[in-house]
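K.L.:
Residues per chain, in single letters:
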Amino acid sequence: MSIDTINNDFADLFEQGKSLLEDNSSKFMNTKREEAVEYFKKLGVPTLANENYKYTNLVPAFDHPYTVDLQYRTVIGDLNELFYCDVPELDTNLVLLSNGWYYNQNRELDIPKGVIVCSLQEAAEKHSEIFEKHYGKYAKPNEEGLVALNTALAKDGVFIYVPKNIVVEKPIQVINLLRSDRDLMATQRNLVVIEENAQAKLIFCDHTLTHNKYLSNTVSEINVAKNAVFDLYTLQNQHLNATVLNSVFIRQEANSNVLTNTLSLYGGMIRNNHYTLFDGEHCENHTYGMYLMDRQQHVDNFTFADHAKPNCVSNEHFKGVMDDDATAAFTGKIHVRRDAQKTEAYQSNNNLLLSENAVINTKPQLIIDADDVKCSHGATVGQMDDDALFYLRARGIHEEEARMMLMFAFAHEIIEKIRVDALKDRIDELVEKRLRGEISKCNTCAIACNQ
Amino acid sequence: MLSIKNLHASINGKEILKGINLEIKPGEVHAIMGPNGAGKSTLASVLAGRELFEVTEGEVVFEQKDLLDLSPEARAKEGIFLGFQYPIEIPGVSTVNFMKTAVNEHRKYKGLEPLKAADFLKLMRDKKNLVEIDSKLTNRSVNEGFSGGEKKKNEIFQMAMLEPKLAVLDETDSGLDIDALRVVANGVNKLKNAENSTVVITHYQRLLDYIVPDVVHVLFDGRIVKTAGKELALELEEKGYDWIKEELVK
Chain A
1 MSIDTINNDF
11 ADLFEQGKSL
21 LEDNSSKFMN
31 TKREEAVEYF
41 KKLGVPTLAN
51 ENYKYTNLVP
61 AFDHPYTVDL
71 QYRTVIGDLN
81 ELFYCDVPEL
91 DTNLVLLSNG
101 WYYNQNRELD
111 IPKGVIVCSL
121 QEAAEKHSEI
131 FEKHYGKYAK
141 PNEEGLVALN
151 TALAKDGVFI
161 YVPKNIVVEK
171 PIQVINLLRS
181 DRDLMATQRN
191 LVVIEENAQA
201 KLIFCDHTLT
211 HNKYLSNTVS
221 EINVAKNAVF
231 DLYTLQNQHL
241 NATVLNSVFI
251 RQEANSNVLT
261 NTLSLYGGMI
271 RNNHYTLFDG
281 EHCENHTYGM
291 YLMDRQQHVD
301 NFTFADHAKP
311 NCVSNEHFKG
321 VMDDDATAAF
331 TGKIHVRRDA
341 QKTEAYQSNN
351 NLLLSENAVI
361 NTKPQLIIDA
371 DDVKCSHGAT
381 VGQMDDDALF
391 YLRARGIHEE
401 EARMMLMFAF
411 AHEIIEKIRV
421 DALKDRIDEL
431 VEKRLRGEIS
441 KCNTCAIACN
451 Q
Chain B
1 MLSIKNLHAS
11 INGKEILKGI
21 NLEIKPGEVH
31 AIMGPNGAGK
41 STLASVLAGR
51 ELFEVTEGEV
61 VFEQKDLLDL
71 SPEARAKEGI
81 FLGFQYPIEI
91 PGVSTVNFMK
101 TAVNEHRKYK
111 GLEPLKAADF
121 LKLMRDKKNL
131 VEIDSKLTNR
141 SVNEGFSGGE
151 KKKNEIFQMA
161 MLEPKLAVLD
171 ETDSGLDIDA
181 LRVVANGVNK
191 LKNAENSTVV
201 ITHYQRLLDY
211 IVPDVVHVLF
221 DGRIVKTAGK
231 ELALELEEKG
241 YDWIKEELVK
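In order, the protein sequences belong to chains A and B. Note that my numbering has the first sequence beginning at 1, numbered continuously upward. Note that my numbering has the second sequence beginning at 1, numbered continuously upward.
In case anyone wonders, no lab produced these hints; they're calculated from the structure.
List time: in silico PhoX-like cross-link candidates among lysine-lysine, alpha-carbon distance up to 25 Å: (1) A:424 with B:100; (2) B:136 with A:417; (3) A:433 with B:100; (4) A:433 with B:108; (5) A:424 with B:136; (6) B:226 with B:5; (7) A:18 with A:126; (8) A:374 with A:333; (9) A:433 with B:116; (10) A:363 with A:333; (11) B:245 with B:14.
Given these sequences and hints, build the entire structure.
P.N.:
Put into structure tokens, the structure is as follows:
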């Protein structure tokens, strides 16, 4: 199927599904939806001709007769029973989504008064003032076809609001469970608002619970107000028949501190769009990522640090280990705008290639319009260090084990940046299993989908 | 313990070792001296099993086993320890994890159970005291950011942990100040007993004031050209290596 046919099919879906799409959505969302439909008609699904998608061909992922749920589908059985997160000692506020929709029987959360965690649909009605102040403000449906598509189809996802001065100690863990008996395209839309001087940690996990082919097109908008501290950990761990398209738009206000870590452990095709807008002075941002790919998996991390205000620091580090026929791409775009003096922006991308056929395309893209800045970028692509390998073997460590230790050490530099200890330990464990060629999935999930 | 006969080895087609013969008995300390480029480090690397070097001729028997047949890790488990001239920095691998893995691989080879965490930590503590290495170093990644002296101390610490039958110390004295040299030499001497043997490879005589050899060999152009008692080291220090070259020409 050609890309035009795919785009036209979506246009038909908007048309024919209009009443279902608008049903149960707020007027505000539907206004945004209408705009997005028009943007999508212009932009379409990004193709290889789009410079930002040069190394990721989305057409095969979209070229499939997926089911698209335009309304909440009743979940059969109790998801709380069917699924539990087996991260040891990871005490979190657990929120379940079903195919991108907020599960209607989520358990009560242990959160401070005033903090809101609910479905996007509910927030749009009940908390319309907050919702309308932020929804659709940071993501760019006019620039990015996937965002336009998401906004045109978006009906639900998670909404998180942390009021001024409130610290949410327990991380909020949002797990999206893909569970369908038909091949499915999921559209998840999240909105996170962290008010002034508030603090929260958020973990997004994706799990596939059935063998079906999935396409997830998720957009998250996150506003971090003055002096707020926010962590986002994204754990991508799906099966080989799944495509993950994940766009995150973060806006930081003055003196805010944001750390993100995107860990791509498993999945058929993964594309991460990660935007950070520095919209106040003295912001600090750490953007980390790690990908472990083998077989014919593909991961593409596209990041954009938009330094619009002076005196901010951004620090970006992505690392990848690639084996077999896996392919990866990394683009690190940094724009220091004219008035953003005294910006410090650092970026690096290191890759370890374990096979002849693995491919990585890595590209820094720095646009610097200010004159008093410190910026650096660096990329490495290499094989295992033979001297280090021999050193370990010369102490009696078996070659395979020595290789494992070196790979793990390579990946650990990113894992150790996680600011939730239990999560860090769990990721360490998962990564070790993954590198040893054992399953990388959390146990419950591996059992359920038998991959 | 170790018997080397007519050992030839080359790298990229260039022959470096041109017929080495060497016999080492349990409890002995041998010093191998020689000018730069003589093949001292190559000999150490070949014994440890570095695959960069190709053995073209000869045999090496260690404790009745054909050493050249074994992988580097098998040699280590048989009891050979190479003290590296330039120990490698391995960011992200903790010294504790590195040593735990190595010690347990050695134990597995001997048919022993892995050490319990508490026992392992006790072993670490004991050996740290023995070789006077600071916990600050062992708590870090392997050799990462260590000074030259700290790296050499760490080699001796690893040697203490693994208790080899034969230690080959490659230029362990290079770049060491006199205090670090004493610490390193003390460590080696404390680990010495009647069963194990040590080969000290060095360019200078000074180390041999602290680690006193039974036998001194001179390696020159890929061959051992002179073997004598410890007095040979002093003679070399005084006269340099030129007189050996002259003797060879005659």
